[in-house]
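Novice: Spelled out, the chains give:
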Amino acid sequence: MSTQNTNKINDFTIRVATVNGSGSQSANSVLIKSIFYMGIPVAGKNIFPSNIAGLPTWYNIRVSREGYVGMRRDAEILILMNADTFQEDLAQAKPGTVVVFNDKLPQQNMRPDLVYYPMPFNKLVQECCEVSTLRKLVINMIYVGAVAQLLGIDMDKVRHALERQFHNKPKAVELNWKAALCGFEYAKNNVKKNDPYGVLAMDKTTGKIVITGNESAALGALFGGCTVFAWYPITPASSLGESLIDYLAQHRREAEDHQARFAVVQAEDELAALGMAIGAGWAGARAATSTSGPGISLMAEFAGLAYFTEIPVVIFDVQRLGPSTGLPTRTSQGDILFTQFLSHGDTHHLAVIPATPEECFSLSYEAFNLAEEFQTPVFVMSDLDLGMNNWMSDPFTYPKEPFRRGKVLTAEQLEKLGAAGFERYGDPDGDGIPYRTLPGTKHPKAAYFTRGSGHTARATYSEKPEDWKWVLDRIAKKIETAKERLPQPVIEKTSGAKVGLIAYGSTHFALIEARDQLAAQGIKTHYLRIRGLPLNGAVGKFIEECEYVYVVEQNQQGQMMNLMKMNYPALAGRMRSVLHYDGMPIDASNIAQPILKWEGKNL
Amino acid sequence: MTQPATTPPATPVQPKTNRLGLTRQNYTGSPSTLCPGCGHDSVTSSIITACFEVGIDPQQLIKMSGIGCSSKTPAYFMSQSFAFNSVHGRMPSVATGAMLANTDLKCIGISGDGDTASIGLGQFMHLLRRNVPMVYIIDNNGVYGLTKGQFSATADKGSKLKSGLANDFPPIDCCAMAIELKCSFVARSFSGDNKQLVPLIKAALSHKGTALLDVISPCITFNNHEGSTMSYDSVRAHDIPLHEIGFVPAVEPIKAEFDPGTTKDIELPDGSHIRLKKIDRDYDPTNRIGALDTIEKSRSKGEWLTGLLYIREGEPDYNTLMHLSKTPLAHMSEKELRPSETVLKEIMGELM
Ligand SMILES: Cc1ncc(C[n+]2csc(CCOP(=O)(O)OP(=O)(O)O)c2C)c(N)n1
Ligand code: SF4
Ligand SMILES: [Mg+2]
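Taken in sequence, the protein lines are chains A and B.
Numbered per the working numbering, the first sequence spans residues 1 to 603.
Numbered per the working numbering, the second sequence spans residues 1001 to 1352.
Wrong hints could be hidden among the right ones.
Said to hold, decoys possible - So, partial list: chain A residues that the calculated Cβ filter (under 7 Å) puts toward chain B:
1. Q107
2. R111
3. A260
As the list claims (entries may be wrong) - Chain B side only, calculated, beta carbon under 7 Å to chain A, not exhaustive:
4. I1062
5. R1090
6. V1094
7. M1177
8. L1344
9. E1346
If you're looking for bench data, these hints aren't it; they were derived computationally from the structure.
From a predicted model like this one, the values you see are computed outputs, not experimental measurements.
Don't be surprised by glycine CBs; every beta carbon is placed ideally from N, CA and C.
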């Protein structure tokens, strides 16, 4: 084989197998950034265990000149540092896979159809790092240097990435740089390259950023004016709260006395977290909480209270695999149905579904507008894959629109209303959206009694059937009004296509790639991406315009398709489910393969 | 609420007004729908008196509650104040959020013994830990009134339900627990003793941080029979007031002299004073361990010690601990909340 095989340039996946807690995270991050700084599209995915240290973990680095950043099951290059998974990793490799591995690992049954580059990591780390206690931390940086040499990654970019990674710690930079150089030199002098993979500089990442979905959502909360944020730690949502704390601490303090223009509370549990956000939303703050599956389950009662008492609040759900504790470090889109109707009785919640870091930012700040505009909980449906992995993105654009704070009456406005006052739960504008006042408003007619029990338009207690029905129907009307103001679906039409694909959230990246794969097989497709719930007319119209649609989602029950069937029963016959729910992020072949089968193209 | 019979005066008396020019009428709410004779209604009446007399601004007060007969009572006082009747046992979190959002507000929370000590024990304890600025009143009757008389977690061991069923478990003493959790204002009182309860509520309103009032408030319908330790008769028989309580508002010059040998005078953060006149035992409400010891000993004798059990001024409240801006978060404008475009550009630059 020759290195001139251009097919293999800038188009392969590296999979690194290490032990959780061994510090491989920074090595992998430097490796990714070095490739990124060469202008080559690259994406990282952490496949990690629910464990602090000791269990196996894998990191996927996908290099793609086409800019595909979705999951890939196959890897062309394996870096194997973990004795526990060594045999299994080898067994699963496809023929021709390049294997960089620690030569100390026991080598039985070495398959003859793989390309091996054994490396004496233990010996090298003794040479490049004098302090024995630090060796464990830098050993992984040796493979970074070695892989850089083997693939042609520019060492200046590795240096640059190291400096960014450890920007305040020059000692750490030097220590790691020595290790990277050591790996580079060893590979140069001892490894005879026998594979076609390599990188060549491009200009496809200029001006791009690399960010996780959770950090993006935290920025959305910062720029969306969130002031009270209550949370309880849970994977994979924790990093959202943690980055929000950092951003708020830096960018939301009074100039003179540095006092906070925010309150972040680590609550005692998720019930309290949502309770606090609801209390704050009621009192007029932009308030939010973030959690994942088990926390959402605990929040059910409060979600219904906020729905029925009409209190704005934003709930970030970074979905993980359930039911129950499930797999806390694995991704899913399994909370779609539960959050839509969370709580007992007739509830129906608004949701926005970001698919990219940019949308994690923009739909998050929009969620605060929607919550206040419609005085209701708004769920931001992210997931582990989107939330915790690093993604390339265009830089975020500054929100153009001012805050929409909804129908809030001031003391002056109340004065104008005169003796009759206002109806907290009325419908004076005919759009189902009532007016509210905020506690502390200096007017004798401002106050009202908030209760989750039956009430009239004037917020007095009532058990009368007609009062109950009127208020509940008026809220339903409000939700109906909201449908048109939620983020609308993004639709891409292809001329001559008969088939439609429908997806949402982090499935998007794999879907783009799958569409290209389908097109290459002669199957043209339209594509609709849902960004807001409840579904509105645009989705129904799209289905009508397709012969049939494949609804692609990362759950077992076809939750979104079930919502579609509820909304468009007459079109149910045109819907087909493509499901993926093993906890790994969906990849393009998970989508293309079943569709090709349906379409009668067995490949 | 029975009023003493009086002969009508010849000329109508102008209603007395408080420092805000408001009458007691301005502090009332909707008519109560509780059982006639329910202890909770007397607590409501004491709240009205206290708030009226010290001149709490109704438009600045929020009334928070959970679920239960007790939690309904915010509807029965101060209808010019905002109220939030939330969900069972979770009032503490809702109140915490509201108080963070607007530090200008004052807050009275009303809960029941079931609401606080059974379903809501966790949130209650965390509210105390955080020292959220509010007056927290428990209408404690030892049963779930609203669900028709099952035992709550404050029911005494051996106390009997109407059916004769005895409680096998030791009670949770919310006051002892609050002192243990470093709550800095802890009092116990009896709904039937408004002479004691009114000045305690006034002092609680002047306290910085959480002020806990555990008010024994008999349920006349489900827990007022022989064999119950929380019936009116039983509470009257075992109520041992620690001191006579007087409240001197900040605005009034301190005229009445007191004998430091028999009366303890404690200044509250807003300049008002609470005065505790000894009845028959020496009691120091600033001694935490002493307070716990006294409560424990008297409870084992079946007594209800009432009065100001523990006080310590000068502790930082939640707003202080959170370093909140002087401007309430709820009043901040977009300009104060959304960082500039330059800030976003800088953040983006760091991610490139
Ligand atoms: C989640 C939940 N569980 C159960 C109930 C039913 N419930 C309503 S009030 C109550 C007990 C109230 O007891 P307490 O707080 O002591 O108030 P009281 O009525 O005695 O004043 C219960 C169990 C409820 N409202 N919500
Ligand atoms: S049931 Fe008991 S607690 Fe409830 S209103 Fe009647 S007397 Fe009061
Ligand atoms: Mg009770």
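Novice: Are the hints correct? Go through all of them and say.
Specialist: Taking the hints in turn, this is what the structure says about them:
no. : hint  : in the structure
1   : Q107  : 41 Å, violated
2   : R111  : 41 Å, violated
3   : A260  : 5 Å, holds
4   : I1062 : 5 Å, holds
5   : R1090 : 5 Å, holds
6   : V1094 : 4 Å, holds
7   : M1177 : 15 Å, violated
8   : L1344 : 5 Å, holds
9   : E1346 : 10 Å, violated
The structure does not agree with the numbered hints 1, 2, 7 and 9 stated previously, though it agrees with the rest.
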